[in-house]
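Line order of the protein sequences matches chains L and E.
Numbering of the first sequence is given in the working numbering, commencing with residue 1 and proceeding in unit increments.
Numbering of the second sequence is given in the working numbering, commencing with residue 1 and proceeding in unit increments.
Read the hints as simulated data drawn from the structure, not as lab findings.
Every value quoted in this text rests on a predicted model; they were computed, and no experiment measured them.
Note that beta-carbon positions come from the ideal geometry of N, C-alpha and C, so glycine has one too.
Hints should not be assumed to be uniformly reliable.
Straight line, CA to CA, 30 Å or less: simulated DSS-like cross-link-like pairs of lysine-lysine [unchecked claim]: (1) L/LYS123 x E/LYS693; (2) E/LYS315 x E/LYS339; (3) E/LYS429 x E/LYS147; (4) E/LYS349 x E/LYS313; (5) E/LYS693 x L/LYS310; (6) E/LYS429 x L/LYS489.
Quick partial rundown of chain L residues pointing at chain E, CB under 7 Å, derived from the structure [said to hold, decoys possible]: (7) SER63; (8) MET80; (9) GLY83; (10) ILE86; (11) ALA107; (12) GLU110; (13) LYS111; (14) SER130; (15) ALA291; (16) LEU305; (17) ALA309; (18) HIS334; (19) ALA408; (20) GLY436.
This is what each chain is made of:
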Amino acid sequence: MAVLAMGGQGGGVLMDWVVALAESEGWIAQATSVPGVAQRTGATVYYVEMIKRRTDGRYPVLSLMPSPGHVDIVVGAELMEAGRAIQRGFVTPERTTLITSSHRSFAVEEKTGLGDSIADSGKVFQAAGSAAKRFLAFDMAALAEQTGSAISAVLFGALAGSGVLPFSRQTYEATIRASGVSPERSLRGFSAGYDAATAAGNKRTVVAPADPKRIETLDPIGHADFDALLEDARNRFPTGAHAMLAAGLRRVVDYQDIAYGREYLSLVADFLPLERNSDAELVKNAAKYIAVAMAYDDVIRVADLKTRAKRFERVRNEVGPSPDAIVNTVEFMHPRIREVVGTLPARFGLWMERRPRLMAALDRFVNKGRRVRTTTVRWFMLLYMLGGLRRFRRSMLRHRQEVAHRDAWLRAARAATQSDYALGVEILKLRRLVKGYSDTHARGLSKFDRALNAAISVQGRSDAAEWVRRLHRSALMDEEGVALDGTIKTIESFAKEVPVRASAP
Amino acid sequence: MAERSFKKEVQQLRLGEGAEFHGEGILAITKALLQSGVGYVAGYQGAPISHLMDVLSDAGEILNELGVHFETSASEAAAAATLAASALYPIRGAVTWKSTVGTNVASDALANLASGGVNGGALIIIGEDYGEGSSIMQERSHAFAMKSQVWLLDPRPNLESIVKAVEDGFQLSEASNTPVMLEVRIRACHVHGRFSAKENKRPSFTLAQALENPVRDTNRIVLPPAAFAHEKEKIERRLPAAIRFIKDRELNEMFGGDLENIGIILQGGMYNGVIRALRDVGLADIWGATRVPLYVMNVTYPLIDDEVTAFCKGKDAVLVVEEGQPNYIEQALHAILRKADIATRLFGKDVLPMAGEYTAAVLSKGVADFLSAAAPGALPDNVRATNNPPITTHEDVAALAGVVPARPAGFCVGCPERPIFSAMKLVEKELGPHHVAADIGCHLFSILPPFNIGATTMGYGLGPASASAFNVKARKRPIAMIGDGGFWHNGLTSGIGNAVFNQHDGVVMVVDNYYASATGGQDVPSSRAENKTRSTQHPITAAVKGVGATWVRQIDRTYDVAKMRDTLKEALTTGEAGPKIIVASSECMLNKQRRTKPLFDTAVKDGRRVVRERFGVDEDVCTGDHACIRLSGCPSLSVKRGADPLKDDPVAAIDNSCVGCGNCGEVADAAVLCPSFYRADVIYNPGKFDRFKASLRKAVIGFLQRRRDRARISFPQPVKA
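Start from the sequences and build out the full structure, keeping to the hints where you can.
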């Protein structure tokens, strides 16, 4: 039996229990592992062999490591660790029962990507279906949390529930009690794991869980003005785009006001005559990314989100304290003069921006880290007032800049769509590159601009959309945009040969 | 205090005659030492022998009863030198460390000890960190045994055999006046098994007796002409005595088998793997019955020529199973057979790989290949011609190649070393990349993503020394890392003293987390904890000033990323000459949690007012760029796919393992990242004033929130897909 876990997941505890369980039944058990530095969050393999004791007192020669093709039970304390076991050949269709938690604990390489680098869980489910004799998977991390126990206890329960070992449930429970590792909580976790495993029964395969994205609808919500917008959207737009329009409308109206919602619909409607796809691919993407562009992240938005009653409630739930505990929150904010100037009336702001020495001088007063205690009246009032500035947003410098930038992008997208539908869709999708705040935002914006210019330059080529997809991918490869610049250079090298119309957005 | 308490295991050390011991290999060795009447034990921690040190640290009472002295040495060299007590006095002594790294450090003392020889039994227990999970360069300790002529035991990896090897080792050492090495591989150190215990023995001659009745013998001192006599004595007297003892006591084992024309010669440590491989081809069973004759060398140096020739005589072919390279044993066997004019064909690192761990799969293939060549008739048909492709070639399994992510070890949740490297990343962004000389310790995880910092590592405590050459005029200075463990091991002299003396202009970052953390949280001289049996709380800054450093900065909270960044920037740019030393101190979070978590839980239960800090991310503020993760890499700072259909990329999320160290918030601030992070201060059992303040705030804030909520459109909760 092999247990694949990450350091700190309690793989050692599980192994000790299994050994104690076997020994309590008069079996001979041998277990080993190579924890070493892997104890510090790395992947670790624990290995146990057990056999019935012989009456003549002779001892078996047990192996110190799993041998592909000879492992009866493989336990994965996390889904990708189960994947690793399959990859190493420990799981074979002739003999292996694979028991794993289906939760994900992301590896560093999955978390650091600029886009979405999360590994495909479905592939592990598929491989497990092919490689295991029997496959048991459910979210044991969730069960552990619900029962206040550890994942090792749930796994031990799942092992018992699977019935692969010839020991009774009582023996397992007695083992936990004897070990003395917070037995009450462990027994609760054990029981949850046991029940889930027995409920799963003898099914050979388990299906991977679906994507968590919510689907919104254009059904009226009982607010006259907003419902009018919804109805307008329902009537004028293809069904394929409805869910995205619903999400977009909510976002922009919540961000600003009903009029902003109307503006949104009219911007998306500009793409209606260009739609050629029965799934409304173009309009759907327009609905999505125009909403994202309109609801840009600014100081006002952050202040508004941070002061909402719902947010207070959510924080409380997340930290999950006992009902009589008091929760205070501290925000980590670091404003710079640019953000301040962005909230000034456009003309005054522009005047300031043209004076870099003044900006630098003022920045010295503004630019420092602030610990904002949102739950104190003083700080709350400040954020509350900032959030209230939303009424004046339309006249602010930042808004003017965002609108100009947005409109140039949409013009380029529409122009491209005229001749090349797929290119238009890809240009809309480039908006994904703009995210973050301060420097991160500036970096994303500059990547977006570079990619957009390059996208315009390939217009007219039959593979233009493919090139933009490539620009998009390479922009997400590294923070500084080195890969993106590489792709742009490639484009420039052939753009010289085929003259194309150069036009700045 | 080590990160694991062995209070329970210590009780097993008391087991008497005939009682059954159940536990880890390394604890069995500890018990075996006490059964052998050992007088003193010393060593330096490191996987896989840390538990030997930790369990003895927790066993003070038993050691006192038995009159055994135990010492946590400053280094492996210090541990090896401790064996000098057995040079002249009939006292059994044992030392232990991680090998080969520890043996490298110890080799000066070992060579001196081996030259003069010993009177009392001297046992060196080396935890061989080789193969999967190893954290060090892959070398063999075998070479050290050969060069210094100390004997090397490599027992079969079951507790009975290992325990017997301890007793045998002491006796062999005494019979041949030579120190003996006992090599135990990492899996054997951690194997859970059983053996039948014996009564513990008090040392027959004590250290106190020796001190009170000192003896000296210039013949045992390494100085000409005695040194020349030692070399002759090793060959003429000690080696024959050892060979005699090994043969008489049958330390090596033969296992019969009916396939008499072939055989396998193996290191004791390979025994279980070889039986597994023979089982795979149907030539052995789980109870150890084998059809292929085995010669198991529980002593791998010296080789016993007579035993080898007797085993090989009349056989067509013999396989040598020898893990690691060079293949010293195989070479020696060739010489023995050649000299004895025996024509048996010797297989070894032709059917088995020259380098790398002999895993179950490797051994299985090697043994099968040997048998196919040497005795094909003995193999079952399905082994000779298999038509069953391994499952790893199945397309669904092969498809996992680009999916399953690598998961190297990394900094723990809340590790105080993380902000040091976050700060270094920020300095890198401002001043460009620098040459960073890394060292051994948890801080070496900086070389991995997301930090990717560190260019070389030259050995424990040698980080600063490995930047020595970069002592020339240049526009950038080198940065050298060193941990508190490496600092006290040798870094104070090899690194700081060396840099002061040579007027080095570089920066030295001392990572001080109050323990030797990578090896399991043992105390070092600068540890802040009260330790009843050791003298602690000696500040590193005092030590570096003591050897002449003048630019010294102490940072008492590494989580202050901005301060870390500014101090490092100052060190890299100041006009002051000489080494620039930054001591960055915060307690190892793993140990801190073990220490404080139970205290906190009791406080909550007892109704005392306590505050817990936890971090969170506002999902709707986070834009999913992950810059915060690239500057942190904390396991509790992860990502999640949100429900928001307008967001393409997963957003940052902090899970329940967060210990509230504050690094992510500090980084977000210092790097001017984003306002998504928040800290929640949860006040348990709030006092009257707390409650008063809270209700006042709630009234004002609640009023304003309700006011704005009324003006806002309230959207119904959307349906989840």
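Going through the hints against the structure:
no.: 1; hint: L/LYS123 x E/LYS693; verdict: 53 Å, violated
no.: 2; hint: E/LYS315 x E/LYS339; verdict: 16 Å, holds
no.: 3; hint: E/LYS429 x E/LYS147; verdict: 49 Å, violated
no.: 4; hint: E/LYS349 x E/LYS313; verdict: 21 Å, holds
no.: 5; hint: E/LYS693 x L/LYS310; verdict: 21 Å, holds
no.: 6; hint: E/LYS429 x L/LYS489; verdict: 25 Å, holds
no.: 7; hint: SER63; verdict: 4 Å, holds
no.: 8; hint: MET80; verdict: 5 Å, holds
no.: 9; hint: GLY83; verdict: 4 Å, holds
no.: 10; hint: ILE86; verdict: 6 Å, holds
no.: 11; hint: ALA107; verdict: 4 Å, holds
no.: 12; hint: GLU110; verdict: 6 Å, holds
no.: 13; hint: LYS111; verdict: 5 Å, holds
no.: 14; hint: SER130; verdict: 4 Å, holds
no.: 15; hint: ALA291; verdict: 6 Å, holds
no.: 16; hint: LEU305; verdict: 6 Å, holds
no.: 17; hint: ALA309; verdict: 4 Å, holds
no.: 18; hint: HIS334; verdict: 5 Å, holds
no.: 19; hint: ALA408; verdict: 21 Å, violated
no.: 20; hint: GLY436; verdict: 4 Å, holds
Of the hints listed earlier, those the structure fails to meet are numbers 1, 3 and 19, in rising order.
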